[in-house]
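Q: Listed below, chain by chain, are the residues.
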Amino acid sequence: MVTMEDYHLDTEIEWCPGCGNFGILKSIKKALINLGISPHEVLIVSGIGQAGKLPHYMKCNTFNGLHGRTLPAATAAKLTNHELTVITVSGDGDTYGEGGNHLIHTIRRNPNITSIVHDNQIYGLTKGQASPTSEVGMKTKVQTHGVFNTPLNPLALAIALDCSFVARGFAGNIEHLTNILTEAIQHRGFALVDILQPCVSFNKLNTFKWYAERVYRLDEDGYIPDNRITAFERALEWGEKIPIGVFYKKEKAIMEDGFSVLKDGALIKKQKNHSIIEELIDSFI
Amino acid sequence: MVTMEDYHLDTEIEWCPGCGNFGILKSIKKALINLGISPHEVLIVSGIGQAGKLPHYMKCNTFNGLHGRTLPAATAAKLTNHELTVITVSGDGDTYGEGGNHLIHTIRRNPNITSIVHDNQIYGLTKGQASPTSEVGMKTKVQTHGVFNTPLNPLALAIALDCSFVARGFAGNIEHLTNILTEAIQHRGFALVDILQPCVSFNKLNTFKWYAERVYRLDEDGYIPDNRITAFERALEWGEKIPIGVFYKKEKAIMEDGFSVLKDGALIKKQKNHSIIEELIDSFI
Amino acid sequence: MIPEINIKIGGEAGQGIQTIGLALSKTFQKSGLYVFSTQYYLSRVRGGHNYFQIRVSDRPIKAISDRLDLLIALDSLSVQEHMEELDNGVILIDRQSNKIHSDDKQIFDVPFAKIAEETGGSKLYASTVATGAALGLLCYELEFLEAVLKQSFAKKGENIINNNINAARAGYKYARDKYLGKCKYSFENLIKKSQKMLISGNDAVGLGALAGGVQFLASYPMTPSTGVMNFIAAHADKFNVVVEQAEDEISALNMVLGASFTGARAMTTTSGGGFSLMVEALGLAGMTETPAVIFLGQRPGPATGLPTMTEQSDLLFVLHAAQGEFPRCILAPKTPDNAFYLTAKAFNIADKYQLPVIIMSDQYLADSQFTCERFDAAEIIIDRYLLSEEELNSLTVYKRYAITDDGISPRALPGQSRHVVVADSDEHNEEGHIDQSAYNRIRMMEKRMRKLKKLTQEMEAPEIYGPEEADVTLIGWGSSYGPLTETVDLLNEEGYSLNLLHFTHIFPLNKETFWKNIIKNSITVCVENNITGQFSKLLNAEANVNIDKNLLRYDGMPFTPGYIIRALREKKVI
Amino acid sequence: MIPEINIKIGGEAGQGIQTIGLALSKTFQKSGLYVFSTQYYLSRVRGGHNYFQIRVSDRPIKAISDRLDLLIALDSLSVQEHMEELDNGVILIDRQSNKIHSDDKQIFDVPFAKIAEETGGSKLYASTVATGAALGLLCYELEFLEAVLKQSFAKKGENIINNNINAARAGYKYARDKYLGKCKYSFENLIKKSQKMLISGNDAVGLGALAGGVQFLASYPMTPSTGVMNFIAAHADKFNVVVEQAEDEISALNMVLGASFTGARAMTTTSGGGFSLMVEALGLAGMTETPAVIFLGQRPGPATGLPTMTEQSDLLFVLHAAQGEFPRCILAPKTPDNAFYLTAKAFNIADKYQLPVIIMSDQYLADSQFTCERFDAAEIIIDRYLLSEEELNSLTVYKRYAITDDGISPRALPGQSRHVVVADSDEHNEEGHIDQSAYNRIRMMEKRMRKLKKLTQEMEAPEIYGPEEADVTLIGWGSSYGPLTETVDLLNEEGYSLNLLHFTHIFPLNKETFWKNIIKNSITVCVENNITGQFSKLLNAEANVNIDKNLLRYDGMPFTPGYIIRALREKKVI
Ligand SMILES: Cc1ncc(C[n+]2csc(CCOP(=O)(O)OP(=O)(O)O)c2C)c(N)n1
Ligand SMILES: Cc1ncc(C[n+]2csc(CCOP(=O)(O)OP(=O)(O)O)c2C)c(N)n1
Ligand code: SF4
Ligand code: SF4
Ligand SMILES: [Mg+2]
Ligand SMILES: [Mg+2]
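Protein chains in written order, with my numbering: chain A, 1 to 285; chain B, 1 to 285; chain C, 1 to 574; chain D, 1 to 574.
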């Protein structure tokens, strides 16, 4: 049995005390334990930002790459060894800002990976500029008149692209978040999990309290996440009430299905057949 | 009065005979003439691809920049001189592939520009690879088993981002397209016009005939483009019937409104006040 | 003298220039002759003026000539554009479809379109008629073309094959009958059976990648590199390769790194604009020590530049690309056969030294076909330089970035054992975790840079072509090898004294110094397809060698021996 | 001897180190002393170990010292980390909040937290208490700090100002009363009124941009460049600047080009990783001849590297970035005042020569404050080098890329007249439209490259610091100026013979050669914050100069005179 201890890494965690990231770290570990997955069977691909540091705080295979570029690396890693559980971890700036293009196209590809976005509605590591999800009016050193741009709604965006699993969690509700993550990892296809994550140092607007007062669970009123239009409608809810849970879920072919070479085992385990190269060379004579 | 002759440029057009781009070129000129805008009052920012060549075939200010990068350049040009009519012209590969991230964020900014996408569902200039909008199953030299990825629905995407003007035209219906473009240019805010554009050389699937058999006008059944959910629903229609027209339209503040320095005239016309630099220097003493 | 013949097929994009060119090239090749072909095309799909040029000889050739024997003109513009290159040559044209004023005796008229409709039932066969007619004019055996047509249209079925053969025969007959005896370039008695290959630079890179065990390719299309992606995609299933078209080049190289980290031999293909977008990930490969092979087909810049033409102007950019400092390897193939072996070698170097390897080619090499000796795939040994599962199981701690003498750390794959593998774009400690201490930084920087020293030993020294001692030493790198060797031959035949120092292993430079003695007493002329003399600068910075003169071409066109000789005369070097 | 004092404030991120550091620096500055301060911090928001170092003197200073007189320790780790630098110095600490074992007489205990709560009603004022206490210990006049606090908290209201002043007074009194007479560094009689500025490298760049007429800024945040964006954003309204945070760096530079093409003086700020993403657009600036100013705050790479530390390792990358060849200009400020003037100059060069200008700074200069002479904004003349409306109206045809002798074509703006302006990333003709012909290509390439020749005249020759003749010539570029000049002074005082050749105008190099004579007979040592000796290589390639030795530092830390002197000894240069 896999335990919390297996995932433990003896290291100093560099996040601010009280940061929402702690809850996310715990939930990821718990979800993996729930599913009986061992550290060496997991690959976490992370970006740059406070969120991106996460795999340095737990034992697991790690590719901590560039700011904004988790998804291409993770997709390719999955194609190369689809026996690994591949998870990406990055911030809202990373995923929706710098990496926005990859998000769109990864959703279209639908690889069997889980993408966890620590959505603190701010650039944490670089000390508090607006992120794509920052609320209109929020003032920062750069947005001196307050944020002007329409905040990006990641759930609506994902649903518009027919993403096969779309959910929102809250770092303040570890149990619920663990359940969502467990379901997301189990889901066959690309799962986007946007997590409301208070940043105690820079986001003085969207605090633990702010979120806690607003979030409610979608499944409480019997919501079933199988209709794209309804999901879209619910994704637009943001304000006094903020839904959390699974918004949309759809079974469809995953990227790995598109490659006949992946049918019977991982790419790295395939043997080369040397005679065919001779044939191909001969075709040029 | 501005006439077709004013926009004429004596040059060889390098598109294939029969290409849908000819209809788009004509419609753009017509729309500008409708609106009484002279060539020197227009700036077309274009990308790289067959579509991107367009401003070389009409008289107008032109910034033919990089593949995928029309929108940032156009947004900044508009902020610098908002008296210009700024239009971007580029392909589906350019706008939805290479440039996807800029599209998302330009929609969020809502600058008062018009973005025209020649959507031939293929990479034309590079000789026929799949584009983000290519149909599932379409075979190419790269997609040897046929396209696998879910085609990107640019209209649904734009609506999910609350784009202030979202429309689709057809290069085979110049009159209707001219009307859409006229409305788009007039619209105060970011207008995305996706145009179904047959590529006679590489897209043997989505031909003139294929489109002509399927397109129908949204306004024919009294559709009113003011509801985001309904617009989203209509945007998902694609198959036997393909709607063209304006899907969604919303009045909201434009990017230029967000800058107090743009309130009373174009940025380039602003005079510098030299005394304030002395004050600022003094603040460091 | 040995018969040699130079053919150009000119016309608009979309008229079938390439079809004729490829068919003729293959036909000559099949009969045992040496063939060299090259392409010139504009950035458009229809119209404009493109051409395909073929040189055929019974001795090896590696460059084009400036002189034409036969011009197959598919439009009248081609006659206008290339008339002057003809000198004693002849023009083959369909005068019914193209109005030309000249009534020169050099003009041979064959109604391609009419014959096509009569025999194949469609104008579409006009290019096949033209191919046949060209061979008729040359009194060449038609059977070789028939074999080529059968091979080319094998997938299209009997009917199409027969139509093409009939069209070719009719064109052949028409030209041969009408102009019998006028032909100056009869190859009639030279024909034998070939064991050689005819292959383009791009196909050879693709073949080298497959032979070198590529398992993953992610690319975004960009001329002139797209051919490599197409080639690998066409054979992906058989060779167990995952090929993915990325949404942009940033994604392409990050995908390659994700695949490589997880264990695949991975590659991307691009041109300069795409490479620009890959720069950040190049540094990531350097920092995380993840093997990666990048094929770069150069074209003239800056920015979009001349997208379908040739240049060698990305060298110093590639050498220094990305913030910070890390080891990399640069190879520049000179010919298709060299491209084949170097590409396979690139994968071994990438794996062994855990760094990015860039293969720098260009549009000229990409689109040129050479007759080559059959490639020897057995020469290629694939070595992954990975820890075995046994080795891993015997370890209590695994350190991905263990400090070693040669800088190379033991590499394991995620999921391969119970040891986790951690890679990080931040400066990291031996375990791969973030470490900002000065002590660690120094050790890690030095470890990474140390790899270059050992790598130097695998880099080949430059090749000396021609005499060991000469008055003038030409210096070149990559694709200019063909025109440069021919220049040396031609001028030495004329009584001049030249040799060539040619580099394919560009960075790090091999440390042997024998070649420095060779250039000590000669006038050195570095010949490059760029405006700033980039390889000269590299030699200066890396080998402390001062080049006397630069011979530069930057009009988008490749070098020809004729161009080089003229320029040497202008510079008063000869 | 002139009193000089070195203070370090150490503690965790978030403890108010910067607050204390800035307040103390300003306090000394206000009293007419010379101040130099620098910062060391980790890539985290809370915790870890950061410090702020201040050097104060009554003569000009431009570097940090390795030796400490006063350590303000906000945690016990700081004592541990910096004890050794103290030698004769003292520690100020709140022993109630921090357990330390040592019972050294050097330790001065002030209960910051307790006093803060008593006076201001909150522990939040502890850093102000500490600032006051430090001044008390130095027997320094408190009034200067009070002035600083008033200025700093002006926007927060009377209440906050008073709380801070009370806290400072209480800390001051406590320390002064308790340790009166123990103080070794009394400045009591030195105080006068200052006319000088205290400013950091980043703020000076921002100020230079505003003085130089920047109208548009688009950036994506990245340490250590973010300060410049913040500075310009803070003053954007007054100075009529549009500031936009881009979604990524690709967008940032493409925005700058769109703005610049349309007529704004435009700029972006970034660090190496972001610059990597701007490379393609850099080439676009080159090809379309669109002016652009890029501020690059260097940090150690590759990839994410050491995000909060310093290095000078992007030089050759910046010099060669982007496919193809085009002119660019590189400037590297040495001090904040130099950064001010060079930034303004960058805009003029960009406009006049219609090319990208890159200002290369680094984390060290970015975050260091220097006492400077008051900047003279009147020295800065803004010249746009644009066609006037009259000139345009008198033209029948306007050619954006007209071929000219100096390569500079007449520039007009879209919408400025009835003439349309066409720019193209493809190779283009004089009108700006696509042209793939060889004839046009050659003319355009040569036209663009020709601009470099004239530009050379605006580049300043290197500065010689110290005697004209010396045994050893140190060579440096950019931010290392301070430590290098101090090294020269210190060693010459000790009887050695050194001078310094320092470059701020990096590319194209000024063509004057007097400095080559200076180094002819001396041992040259190029001092750089990188591992490969990039500026050495540049001098070799661009000026044909061979450097004797490289003195390189690549641990993420800036040079100090002490470090350089030690390294010179190790290398047996002295
Ligand atoms: C290419 C590039 N640009 C900029 C940066 C600087 N940077 C590091 S983290 C970050 C943003 C962090 O915000 P987010 O992704 O939301 O993560 P958080 O810190 O909030 O968890 C930025 C801009 C970088 N590392 N790379
Ligand atoms: C950075 C970069 N990558 C790749 C290319 C090559 N390229 C030119 S056009 C094009 C795609 C064209 O497709 P699309 O944008 O749909 O335009 P179309 O030709 O179909 O109108 C590509 C990949 C480029 N110019 N720049
Ligand atoms: S800055 Fe914000 S996101 Fe980062 S660790 Fe601190 S609280 Fe968390
Ligand atoms: S290739 Fe297609 S898109 Fe391009 S010009 Fe030809 S028909 Fe039009
Ligand atoms: Mg964030
Ligand atoms: Mg297209």
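Some hints could be false.
So, partial list: chain B residues that the calculated Cβ filter (under 8 Å) puts toward chain D [unchecked claim]: (1) Met1; (2) Thr3; (3) Gly36; (4) Ile37; (5) Asn61; (6) Thr80; (7) His102; (8) His105; (9) Lys252; (10) Ile254; (11) Gly265; (12) Ile285.
Below, in silico cross-link-like pairs of lysine-lysine (PhoX-like), each with a Cα-Cα straight-line distance of 25 Å or less [to be verified]: (13) A:Lys263 - C:Lys238; (14) D:Lys155 - A:Lys204; (15) D:Lys173 - D:Lys196; (16) C:Lys178 - C:Lys99.
Treat the hints as calculated values from the structure; they're not laboratory data.
Note that the Cβ used here is the ideal one computed from N, Cα and C, for glycine as well.
Q: It remains to establish, for every hint, whether it holds in the given structure.
A: Hints, verified against the model:
The criterion of a C-beta within 8 Å of any C-beta in chain D is not met by Met1 of chain B, whose closest approach is roughly 15 Å, and the hint is violated. For Thr3 of chain B, the interface hint is violated, since its Cβ never comes within 8 Å of a Cβ in chain D; the closest pair sits about 15 Å apart. Here the hint on Gly36 of chain B is broken, as its CB sits about 15 Å from the closest CB of chain D, past 8 Å. Hint on Ile37 of chain B is violated. Least Cβ distance to chain D is approximately 11 Å, over the 8 Å limit.
Annotation: Asn61 of chain B was flagged as interfacial toward chain D, and the flag holds, the nearest CB pair being 4 Å apart, inside 8 Å. For Thr80 of chain B, the suggested interface contact is upheld, since its CB lies about 4 Å from the closest CB of chain D, less than 8 Å. Among the interface hints, the one on His102 of chain B holds; its C-beta lies about 6 Å from the nearest C-beta in chain D, closer than the 8 Å criterion. Of the supplied interface hints, the one on His105 of chain B holds, with its beta-carbon coming within about 4 Å of a beta-carbon of chain D, less than 8 Å.
For the restraint placing Lys252 of chain B at the interface with chain D, the shortest Cβ-Cβ distance is roughly 18 Å, beyond the 8 Å limit, so the hint is violated. The interface hint given for Ile254 of chain B is violated, since its Cβ lies 14 Å from the closest Cβ of chain D, which is over the 8 Å cut-off. With a cut of 8 Å, the hint placing Gly265 of chain B at the interface with chain D is violated, because the nearest CB-to-CB distance is about 10 Å. For the restraint placing Ile285 of chain B at the interface with chain D, the shortest Cβ-Cβ distance is roughly 6 Å, inside the 8 Å limit, so the hint holds.
With a CA separation close to 13 Å, the supplied pair Lys263 of chain A and Lys238 of chain C stays within the 25 Å bound. With a C-alpha separation of about 19 Å, the suggested pair Lys155 of chain D and Lys204 of chain A falls inside the 25 Å cut-off, and the hint holds. Taking the CA atoms of Lys173 of chain D and Lys196 of chain D, the gap is near 29 Å; set against the 25 Å cutoff, the hint is violated. About 20 Å separates the Cα atoms of Lys178 of chain C and Lys99 of chain C, which keeps this hinted pair within 25 Å; it holds.
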